[in-house]
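S.K.: Sequences and hints are given; from them, build the entire structure.
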Amino acid sequence: MALAFDEYGRPFIILKEQEQKARLRGLEAQKGNISAGKAVARILRTSLGPKGMDKMLQSPDGDVIVTNDGATILEQMDVDNQIAKLMVELSRSQDYEIGDGTTGVVVLAGALLEQAEKLLERGIHPIRIAEGYEMASRLAVDHLEHISQNFEFSVTNIEPLVQTCMTTLSSKIVNRCKRALAEIAVKAVLAVADLERKDVNLELIKVEGKVGGKLEDTELIYGIVVDKDMSHPQMPKRIEEAKIAILTCPFEPPKPKTKHKIDIDTVEKFQTLRQQEQKYFDDMVQKCKDVGATLVICQWGFDDEANHLLMHRNLPAVRWVGGVELELIAIATGGRIVPRFLDLTAEKLGKAGLVREKSFGTTKDRMLYIEHCANSRAVTIFIRGGNKMMIDETKRSLHDALCVARNLIRNNSIVYGGGSAELSCSISVEAAADKYPGVEQYAIRSFAEALDFIPMALAENCGLSPIDTVTAVKSQQIKENNPFYGIDCNDVGTNNMKEQNVFETLIGKQQQILLATQVVKMILKIDDVITPSAY
Amino acid sequence: MAAARLLKDEATEEKGDRARMASFIGAMAIADLVKTTLGPKGMDKILQSTGRGRNVTVTNDGATILKSLHIDNPAAKVLVDISKVQDDEVGDGTTSVVVLAGELLREAEKLVNQKIHPMTIIAGYRMAAECARNALLLKVKDNKQDPDKFKSDLMKIAMTTLSSKILSQDKEHFAKLAVDAVLRLKGSTNLESIQIIKKAGGSLKDSFLDEGFILDKKIGIGQPKRIENAKILVANTAMDTDKVKIYGARVRVDSMARVAEIEVAEKEKMKQKVQKIIAHGINCFVNRQLIYNFPEELFADAGILAIEHADFDGIERLALVTGGEIASTFDNPESVKLGHCKLIEEIMIGEDRLIHFSGVEMGQACTVVLRGASSHVLDEAERSLHDALCVLSQTVNDSRVLLGGGWPEMTMAKEVDELARKTPGKKSHAIEAFSRSLQAIPTIISDNAGLDSAELISQLRAEHHKDTTNAGIDVISGGVGDMDKLGISESFKVKQAVLLSATEAAEMILRVDEIITCAPRKREDRM
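Line order of the protein sequences matches chains A and B.
Add 122 to a position in the first sequence, counting from 1, and you land on the number used in this note's numbering.
Add 78 to a position in the second sequence, counting from 1, and you land on the number used in this note's numbering.
Calculated directly from the structure, the hints in this document are not laboratory data.
Treat the hints loosely; a few may be bogus.
[What the hints assert, rightly or not] If you want the footprint, here are the derived chain A segments under chain B, 3+ residues with CB under 8 Å:
no.: 1; segment: 176 to 182
no.: 2; segment: 446 to 452
[Claimed, not checked] Dumping the calculated DMTMM-like pairs for lysine to aspartate or glutamate here, alpha-carbon to alpha-carbon at most 20 Å:
no.: 3; chain 1: B; residue 1: K303; chain 2: B; residue 2: D430
no.: 4; chain 1: A; residue 1: K336; chain 2: B; residue 2: D166
no.: 5; chain 1: B; residue 1: K347; chain 2: A; residue 2: E399
no.: 6; chain 1: B; residue 1: K309; chain 2: B; residue 2: D430
no.: 7; chain 1: A; residue 1: K207; chain 2: B; residue 2: D166
no.: 8; chain 1: B; residue 1: K354; chain 2: A; residue 2: D426
no.: 9; chain 1: B; residue 1: K345; chain 2: A; residue 2: E390
no.: 10; chain 1: B; residue 1: K345; chain 2: A; residue 2: E399
no.: 11; chain 1: B; residue 1: K345; chain 2: A; residue 2: D387
no.: 12; chain 1: B; residue 1: K222; chain 2: B; residue 2: D258
no.: 13; chain 1: B; residue 1: K415; chain 2: A; residue 2: E399
no.: 14; chain 1: B; residue 1: K347; chain 2: A; residue 2: D387
no.: 15; chain 1: A; residue 1: K350; chain 2: A; residue 2: E449
no.: 16; chain 1: B; residue 1: K347; chain 2: B; residue 2: E306
Where is the CB? At the ideal position from N, CA and C, for every residue including glycine.
M.R.: Written as structure tokens, this is what we have:
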């Protein structure tokens, strides 16, 4: 790092160990940052759209992940550059907020940065560019609102929801049976949705996967699937009209929190203690039996003796069930989680129509299905697939689809996909640009150009000629004043996305534009990068 | 280059064609590795572990080979994974699935070099896989209604599976053994209840299926060596010192006399427990946990056979076989279900003495005793038998059967070829490629058998263009033969799983256009 000297030749030292730190400033810094951001966007660019490619990632432990999901790729990439980390954050926040469009948001940010670089070269101040972008993004978001459409769905008419989920799934490897998966996702979301409050708690949907079988075997279970089996091999494997006691206390003698010692010093004490112990086990089991439970689900382990007593009294039990699963079971069966045996009452039992154990494959793999629950507000999606990576990717894809369905229930406005919304925004932003005096006009115009990048990347990934296609579609939109024209990725024969049924959620799109603009603004404002040099 | 480094040091990134190349090469290398083990004349591999002792495994089983490899190439890992899943799910076809996936990728590479987009290839492969599956569905035979025929189907499948393994010399013997064992399960796929005991010595032919149950344990000294009409209590309880389970209990005494008293009380407690157990009216007691000398002596006095430390599986199987329940408390002797069997005796296999339970009530479980010259032979025999048992148990549930010897592949290839001719567009190239990959399997089988594959495959293809045919490769005579007459059959479920997971894996690898490898996690420098 360059040092400044006073008139006597002594260096001014401002930062600690200044000589060892690398420093980039001014235009250099901005350009360096922009190129890092662009590099990240370039990686994701090829994953965009229905014909986008996947990335294979090898984690530090050697596990392989194959994915198409932008957020997952960036998270696993283990980036080192600070600006690249910002982009990773960007994608993650889109993932948290919306769940879908994680690739698009990064590609858009990359395009905005690329445009900004050109403007910087023309000598426009970064802050002016940032302001121009801000205005443009507001214009674009308003325009999206303008072209969005409300669409009606109800519990009986789920077709529109399924169509939207299918758009999301079509870019993933699971697109082979996207119809089936989209239906599963929509049904799952509707099952747990609170339509009056327009809210969906996605935690009520459990996604469980097991390798083997084929993707088509994936099913939606109105109930809970637990990866556990009965505690005793001879307990019944099928219980109808089960009354479930959900316990968080172990079938073991109590362990008071306060420290204590029981001293045994006489034979009598030894014997009473033993009887006490036996009675204790007996009481526990009797208590469960008394309230009428026909199945015990416990968070903790059982003592061998307790296990046998349970078996003996014909009370099937499951042990070591995780806390989250326990909660889901409680919700699904309408039972209460009981922390102490004393509190166990008949009202606190959960009810399920059928509990059964199902085995898979040739190894000793069993799972417990709890179905026909009293309150079917908790559901499980059970994924099957040829290999581990496939299942993981299916889980991620389904998560996206679930999020999309949830967003639609919250807000039923949609825009059309296939790049049509971006193109339409681009046209309107471009037209509006002329009304702004000053250098911002350039920035707004550049914003419009950046919006064109998404359809362009889509076309490119589909093997179409990007410039020809995008210009053709754009002129078509203007000529017919119809914002529904987009890129015909699947070679259906029409550019009208309304006819192709390619939908995206309005909030998803708006969020993409807002988040991308924000991050770009932030990157543009940086004019000094100080990094400690590698030691 | 102005762009700053994005990734951490040592992390690598490969893009586009290079990435695709890396994954193709990795996947094909894996496929080539196991290729030579395919088919009845396939060769075995020796695997030497890097651990201490340098254990050697000789095997023909694809899943076992791949499991033991240390692989760095991510695409190769995908293939290893599908083979593992195939093993878990259907048990057999672990080599075929990898070879088919490898062939699909090999064909895909050619197409990519002709500038066909991977997505187009995937679309074609999907159509082809669907068509191939339908072709198989049309040709399956289902003999579920006819028990005799079904049994002969099972025999054929078992023999076909075993013929590529070390057991091929005695395949009839073992096929019969496996079929008998599986039929006893009565439709359950729980292979746990078939116990396989390996004892070195003798020859493979001496292996036998025992109707009863054999426990690899010795009978306590001074206890009866032979019990007729045994009543068995299967238990899982501590028979050493019965701990006080109430938390925080400890013994604190103030004099030696007290210690002695408590010791007596402890002994008394054990004695009571034993008495309670004896009160069940049993003459055999099997415990999962250790039995100390003291209770053992008490049992011996009562003329009860006590067996200690039978492991979990042993206990579960024994409970299954004898129909008793696994008990841990002994207060209600009248309601505990006891197990029964006609005869318990100690038998000798080779040098070892084992306990044999015969004349059991529930015939579900059984024991297969494998004999063989060396531990390697036994291990491999166990794996082969396991494969056969898996396939059979799956077939019992899904009784659809196909012919073997390359017949299903050729049938599928023919249908897929026809589809290719009907399909317009670039996809048809991919569909054709799929059919070529399917034909590669019989090609490899005949190559491995040292036959003229080009000649044989063309003959086979001609044969398959007739309307109905049973033609397949007869490796023994080295020509095209009638698979129905030769009795070579395969399970539909296995074939379907091979087809679908190979296509799925190939699709997955084809979709990749970038590989990012993170820096390997640093190990602590302790060694």
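S.K.: A separate judgement is required for each hint: does it hold in the structure or not?
M.R.: So, going through the hints one by one against the coordinates:
| no. | hint | result |
| --- | --- | --- |
| 1 | 176 to 182 | holds (count 7) |
| 2 | 446 to 452 | violated (count 0) |
| 3 | B:K303 / B:D430 | holds, 15 Å |
| 4 | A:K336 / B:D166 | holds, 14 Å |
| 5 | B:K347 / A:E399 | holds, 13 Å |
| 6 | B:K309 / B:D430 | violated, 25 Å |
| 7 | A:K207 / B:D166 | violated, 40 Å |
| 8 | B:K354 / A:D426 | holds, 17 Å |
| 9 | B:K345 / A:E390 | holds, 14 Å |
| 10 | B:K345 / A:E399 | holds, 18 Å |
| 11 | B:K345 / A:D387 | holds, 16 Å |
| 12 | B:K222 / B:D258 | holds, 17 Å |
| 13 | B:K415 / A:E399 | violated, 24 Å |
| 14 | B:K347 / A:D387 | holds, 16 Å |
| 15 | A:K350 / A:E449 | holds, 15 Å |
| 16 | B:K347 / B:E306 | violated, 30 Å |
Hints 2, 6, 7, 13 and 16 from the earlier list are contradicted by this structure; the remaining hints agree with it.
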